[in-house]
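There are 2 protein chains.
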Amino acid sequence: MRFCPYAHRAHLVLNAKNIPYHAIFINLTEKPEWLTEFSPLGKVPALQLPKEEGNPALIESLIVAEYLDEKYPDVPLFPKDPLKKAQDKILIERFSSVVGALYKVFLGSTEAAPDALTEISKGFDIFEKELSSRGTPYFGGDKPGMLDYMIWPWFERTEMLKYLLPEKFELDKERFSKLVAWRDLMINDQAVKGHYLNGETHAKFMKARRDNVHDYDMLV
Amino acid sequence: MRFCPYAHRAHLVLNAKNIPYHAIFINLTEKPEWLTEFSPLGKVPALQLPKEEGNPALIESLIVAEYLDEKYPDVPLFPKDPLKKAQDKILIERFSSVVGALYKVFLGSTEAAPDALTEISKGFDIFEKELSSRGTPYFGGDKPGMLDYMIWPWFERTEMLKYLLPEKFELDKERFSKLVAWRDLMINDQAVKGHYLNGETHAKFMKARRDNVHDYDMLV
Chain A
1 MRFCPYAHRA HLVLNAKNIP YHAIFINLTE KPEWLTEFSP LGKVPALQLP
51 KEEGNPALIE SLIVAEYLDE KYPDVPLFPK DPLKKAQDKI LIERFSSVVG
101 ALYKVFLGST EAAPDALTEI SKGFDIFEKE LSSRGTPYFG GDKPGMLDYM
151 IWPWFERTEM LKYLLPEKFE LDKERFSKLV AWRDLMINDQ AVKGHYLNGE
201 THAKFMKARR DNVHDYDMLV
Chain B
1 MRFCPYAHRA HLVLNAKNIP YHAIFINLTE KPEWLTEFSP LGKVPALQLP
51 KEEGNPALIE SLIVAEYLDE KYPDVPLFPK DPLKKAQDKI LIERFSSVVG
101 ALYKVFLGST EAAPDALTEI SKGFDIFEKE LSSRGTPYFG GDKPGMLDYM
151 IWPWFERTEM LKYLLPEKFE LDKERFSKLV AWRDLMINDQ AVKGHYLNGE
201 THAKFMKARR DNVHDYDMLV
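Taken in order, these protein sequences are the chains called A and B. For the first sequence, UniProt numbering gives the first residue as 1, with consecutive numbering after it. For the second sequence, UniProt numbering gives the first residue as 1, with consecutive numbering after it.
In short, the hints are calculated from the structure, not lab data. In this text, a Cβ means the ideal position worked out from N, Cα and C, and glycines have one as well. Any given hint might turn out to be false.
To be verified - If you anchor each label on the Cβ, the simulated ranges turn out as follows:
no.	chain 1	residue 1	chain 2	residue 2	range
1	B	PRO40	A	GLU70	25 to 35 angstroms
2	B	PRO32	A	SER132	25 to 35 angstroms
3	B	THR29	A	SER96	38 to 48 angstroms
4	A	THR201	B	PHE25	24 to 34 angstroms
Claimed, not checked - Straight-line C-alpha distance at most 20 angstroms; calculated SDA-like pairs for lysine to any residue:
no.	chain 1	residue 1	chain 2	residue 2
5	B	LYS43	A	LYS43
6	A	LYS80	B	LEU49
7	A	LYS84	B	GLU70
8	A	LYS80	B	ILE187
9	B	LYS143	B	ILE187
10	A	LYS17	A	PRO76
11	A	LYS104	A	PRO76
12	A	LYS43	B	ILE92
13	A	LYS178	A	ASP217
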């Protein structure tokens, strides 16, 4: 589904590793019948592997991402050190509190927004602090790594808040100085560019979705 | 927490790999103040690594398990092949539908039980079929692997259903013939034995919990 942040993760890893792939975007409200052949629960992303015996398919964005990192090690994304890798995975997991709060605002009522915005900022604090203590432009060091790509889809979508909220929410450039610099770098990363949509476009999709209109073909 | 199935996973991996460790069981209702130093969200398991610089701690059972598998490769638990490893992770992920349904029965009202039992059996069907198609006694082959250990805590707890339900639920020996044989083997595995509690003991803890009594020190 073109606007799914979890599917977005798979695109970013495939792009970063220069792995050739063919994307089929689906309608997630009226799912194609063949979908469960690849994804038993009908979720995206699903990655079919035509070079493997029996054309198996993988699901779950983090499982897909780690599989690609192990299978195509030329552009490594996770740290090699097991401890650093585990610590990055914990940060990816902790980002899910931000995801929950963001979607409350994306989809939700204006009344719920202030609390959710506080939760989002508190979540971002963790990543601002982390980037600061690492002292590198990206979480992955001098270039984006798996942690950068796994959280990026929601940072890209954060840009839509200025179109969705009356107060035109933007990241506080002082409180989140490192993250803002990181975001500006990420936007120019080749893998990110390959699947990038601006905040206005994300907002257009989301506004329709708030009215229960799922305009999956909006870009076609 | 001695009765937590997620913490159970960490014990199984540590036992299987013969890694020396010191367990501290905590009260999850009245959490010790120091817990968030190791586990920011106050969850278990949390694994402190005293040999690593700064005594870092890891959380999230699956992240802990994979870290231990990478750091201590002498007894490998995940398949080496990235595809097989990813497929086992997907099965671990799919097991979460069983977990949800099991806890409905463990904690819930008798009215919810029939639907949840159907869901549990449907979930077990996936694993019965998988074990059958692998043609090995364990999911990991001739001995238990990561998939075996990651789902075991809930199979061990399934034994309490005969003490919690009026109809004394047991696994259907025909429908789940492979799984029943697997369970009987797993109970005798050294790593499993090291943290094993029988169904009656699990049921005793759960019955108290139903009455909102958290008897964490029941075994002391």
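ask   = Under the criterion that the straight-line Cα-Cα distance not exceed 20 angstroms, is the pair LYS84/A, GLU70/B satisfied?
value = Within the cut-off at roughly 12 angstroms; holds.
ask   = Honestly, do PRO32/B and SER132/A meet the 25 to 35 angstroms range at C-beta?
value = 29 angstroms, holds
inquiry  = For a C-alpha distance cap of 20 angstroms, please report whether LYS43/A and ILE92/B respect it.
reply    = Since the Cα atoms of LYS43/A and ILE92/B sit roughly 16 angstroms apart, the hinted pair holds (cutoff 20 angstroms).
20 angstroms Cα cutoff - pair LYS43/B, LYS43/A = 28 angstroms, violated
ask   = Holds or violated: 38 to 48 angstroms for the Cβ distance of THR29/B and SER96/A?
value = Since THR29/B and SER96/A have Cβ atoms about 24 angstroms apart, the given range 38 to 48 angstroms is violated.
ask   = Does the structure keep LYS80/A and LEU49/B at a Cα separation of 20 angstroms or less?
value = Holds. LYS80/A to LEU49/B sits at ~18 angstroms (cutoff 20 angstroms).
ask   = Taking 25 to 35 angstroms as the hint, is the beta-carbon distance of PRO40/B and GLU70/A inside that range?
value = Taking Cβ atoms as reference, PRO40/B and GLU70/A lie about 28 angstroms apart, which means the hint holds.
ask   = Taken at face value, is the distance from the CA of PRO76/A to the CA of LYS104/A at most 20 angstroms?
value = 34 angstroms, violated
ask   = Can the restraint linking LYS80/A and ILE187/B be considered satisfied, given a maximum Cα separation of 20 angstroms?
value = 35 angstroms, violated
inquiry  = Next pair to validate is LYS178/A with ASP217/A; report whether the Cα-Cα distance is within 20 angstroms.
reply    = Measuring from Cα to Cα gives roughly 35 angstroms; hence the hint is violated.
task = Take a quick look at whether LYS17/A and PRO76/A sit within 20 angstroms of each other, Cα to Cα.
result = Roughly 8 angstroms between the alpha carbons, so the hint for LYS17/A and PRO76/A holds.
task = Verify the proposed pairing of LYS143/B with ILE187/B, using a straight-line Cα cut of 20 angstroms.
result = Distance of about 13 angstroms is within 20 angstroms: holds.
Hints 3, 4, 5, 8, 11, 13 from the earlier list are contradicted by this structure; the remaining hints agree with it.
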